[in-house]
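Q: Here is how the chains run, residue by residue.
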Amino acid sequence: MPQIVVENLAKSFRIAERDPGAWGALRGLAHRRYRTIHALGGISFSLEPGELVGYIGPNGAGKSTTVKILAGILVPDGGRCEVLGRVPWKERIAHVGRIGVVFGQRTQLWWDLPVVESFELLRDIYRVPAKAYAGARDELVDLLDLAPLLDVPVRQLSLGQRMRCDLAAALLHAPALLFLDEPTIGLDAVSKLAVRDFVKRLNRERGVTVILTTHDMDDIEALCTRVMVIGQGTILSDGTLEDLRARVTRERWLIVDLADAAESISDPDAVVMRREGRRVHLRFDPGQVAPAALISRITARHPVSDLFVQNPPIEEIIARLYAEARP
Amino acid sequence: MTAYNAVFSARFQTLLQYRAAAAAGFGTQLFWGLIRTMIFEAFYRSGAAPQPMSLPQVVTYVWLGQAMLVLIPWNVDADVRAMIRSGTVAYELVRPLDLYTLWYSRALALRTAPALLRALPMFAVAGCFFGMQPPPSLAAGAAWLAATAGAALLAGAITTLITISLLWTLSGEGVSRLLPAVTMLFAGYVLPLPLFPDWAQALLSFLPFAGLADTPFRMYLGHLPPEAVFGVLGHQLAWTAALVLLGRAALARATRRMVVQGG
Numbered sequence: 001m002p003q004i005v006v007e008n009l010a011k012s013f014r015i016a017e018r019d020p021g022a023w024g025a026l027r028g029l030a031h032r033r034y035r036t037i038h039a040l041g042g043i044s045f046s047l048e049p050g051e052l053v054g055y056i057g058p059n060g061a062g063k064s065t066t067v068k069i070l071a072g073i074l075v076p077d078g079g080r081c082e083v084l085g086r087v088p089w090k091e092r093i094a095h096v097g098r099i100g101v102v103f104g105q106r107t108q109l110w111w112d113l114p115v116v117e118s119f120e121l122l123r124d125i126y127r128v129p130a131k132a133y134a135g136a137r138d139e140l141v142d143l144l145d146l147a148p149l150l151d152v153p154v155r156q157l158s159l160g161q162r163m164r165c166d167l168a169a170a171l172l173h174a175p176a177l178l179f180l181d182e183p184t185i186g187l188d189a190v191s192k193l194a195v196r197d198f199v200k201r202l203n204r205e206r207g208v209t210v211i212l213t214t215h216d217m218d219d220i221e222a223l224c225t226r227v228m229v230i231g232q233g234t235i236l237s238d239g240t241l242e243d244l245r246a247r248v249t250r251e252r253w254l255i256v257d258l259a260d261a262a263e264s265i266s267d268p269d270a271v272v273m274r275r276e277g278r279r280v281h282l283r284f285d286p287g288q289v290a291p292a293a294l295i296s297r298i299t300a301r302h303p304v305s306d307l308f309v310q311n312p313p314i315e316e317i318i319a320r321l322y323a324e325a326r327p
Numbered sequence: 328m329t330a331y332n333a334v335f336s337a338r339f340q341t342l343l344q345y346r347a348a349a350a351a352g353f354g355t356q357l358f359w360g361l362i363r364t365m366i367f368e369a370f371y372r373s374g375a376a377p378q379p380m381s382l383p384q385v386v387t388y389v390w391l392g393q394a395m396l397v398l399i400p401w402n403v404d405a406d407v408r409a410m411i412r413s414g415t416v417a418y419e420l421v422r423p424l425d426l427y428t429l430w431y432s433r434a435l436a437l438r439t440a441p442a443l444l445r446a447l448p449m450f451a452v453a454g455c456f457f458g459m460q461p462p463p464s465l466a467a468g469a470a471w472l473a474a475t476a477g478a479a480l481l482a483g484a485i486t487t488l489i490t491i492s493l494l495w496t497l498s499g500e501g502v503s504r505l506l507p508a509v510t511m512l513f514a515g516y517v518l519p520l521p522l523f524p525d526w527a528q529a530l531l532s533f534l535p536f537a538g539l540a541d542t543p544f545r546m547y548l549g550h551l552p553p554e555a556v557f558g559v560l561g562h563q564l565a566w567t568a569a570l571v572l573l574g575r576a577a578l579a580r581a582t583r584r585m586v587v588q589g590g
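Residue numbers (our numbering), protein chains in the order written: chain A, 1 to 327; chain B, 328 to 590.
Hints are supplied without guarantee of correctness; some may be wrong.
To be verified - To list a few chain A residues with every Cβ distance to chain B over 10 angstroms, as calculated: (1) P2; (2) E48; (3) G72; (4) Q108; (5) S158; (6) D197; (7) L202.
Claimed, not checked - Label pairs and their in silico Cβ distance ranges: (8) S503(B) to N311(A): 52 to 60 angstroms; (9) A132(A) to A581(B): 33 to 41 angstroms; (10) S413(B) to G41(A): 22 to 30 angstroms; (11) S413(B) to G79(A): 22 to 30 angstroms; (12) A476(B) to L29(A): 40 to 48 angstroms.
Think of the hints as simulated: they come from the structure by calculation, not from any bench. In this text, all values refer to a predicted model and were calculated from it rather than measured experimentally. Beta carbons are placed, not taken as given, at the ideal position from N, Cα and C, and that holds for glycine.
Okay, chain A solo, but in the shape it has when bound (with noise of 0.2 angstroms):
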């Protein structure tokens, strides 16, 4: 039984908005002028308990809007939405006590008071009883290495630090489900790789639910097995990301290192890109031509020192998808 239905959920914003300066500001007293945005025009999707989802889209496609939706947090417009059996807005209690979240950009800890504190008033927020939340605590404070920081005020703390807190605080609970927006954002190669880490065992390990959202390529090839892409307050698509590639586009890139830089390659089979010094970017469509066949003729007419093939960076593929969505 899936664990999340979403049908046609919609939700519209009204803004106000004004044209620029003093006369603007002017005219504005006077006479609103409002604009909607459909920030969601009816997305529908469902998710397996167990999954870990990512969920991704360019700024302002929707992707906050859905998981505020989903956590009880905003009202839709219109549509259908049940997470965990329950509709979120109008259960929110009962929902929100089954999961979890993080928002990257924002802490759910009390700034002035100790870490463990912030812990201690979550556990009496969500009524946990005294041994699950001492074994919920010990297990965090170990997997995230959080023993040298629960004393310090959550205000002295730094990103990374602050993240495998906030990390740990939205799942003393123990939800089934959580929900993870732009949980690396600023933080540096070593506290991504934590999070990450992270976020795979309690996702393999204790089959919790994620639902990520990101800006960053890496995490989703890193952990989801399914990513599913907003633009425009719709689905672009939905699907394992090797689904995503062979949608966008099946062209494979050749890096070639010429040994002499007054060379040039030219083939019927291959466009050149770029090229930097030495090194020429191509790229090919493996269906029109045998990577093997293409590479041999290469080597054949040009001195090569070194040469590999690789996939698009999923990055291209992601900004080829949110263009073509573009109206």
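On the provided structure of chain A, position chain B as indicated by the hints.
A: Then chain B, alone, in the frame of chain A:
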């Protein structure tokens, strides 16, 4: 209730740590208290007609007011304002708690902790040096304590209503300036309410603000007899109930049309 208690006591304990603010507030309120008592002394010395309150009563009323100043709803909850402006308020909505009760718990802590921190030293200093008198009887003292608890509940309801208004105005600048002027006048901070002209008395005793300061202070002075405490509490609690209902209705409206700021 444990969840709301936990939020209340966490907030209460945090607010008790603001010693510098309390010391500065204490100094300011001591200064203004001296000026206000001097003005009343000058008035009482020059006026011949009998007044509804004696000078020692007025002086004590003024010092009570200076001690309990921050109990009246004079500001917005800066924490909630910051959360609303930044969008962190989203986290308040993912707690399995009733949002109104959560904010009311915060408001009650905001009203009581700083008041406690300032009131105790002010009682000591004003009692020893500036003519503040103890309550005339044990009954008057007990009635004052009960009415002060009522005042805290009422102040919490008004503060919560103002917090909720931030969901529309976002800044709270306007309300922060308007509010002290209104509450202080109608609670008896400019002039003790019994000294207002007779025609204003009915309105003043009907409005909720009297229950924030004036009626508890008059219980302390014995200006109202101890058995009047039931009427005073009734007035405070009736207004509290009305403002809670109003706040809940406003919050229900606000959450339906809520836009969480930022991405």
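Q: Failing hints, ascending?
A: 3, 4
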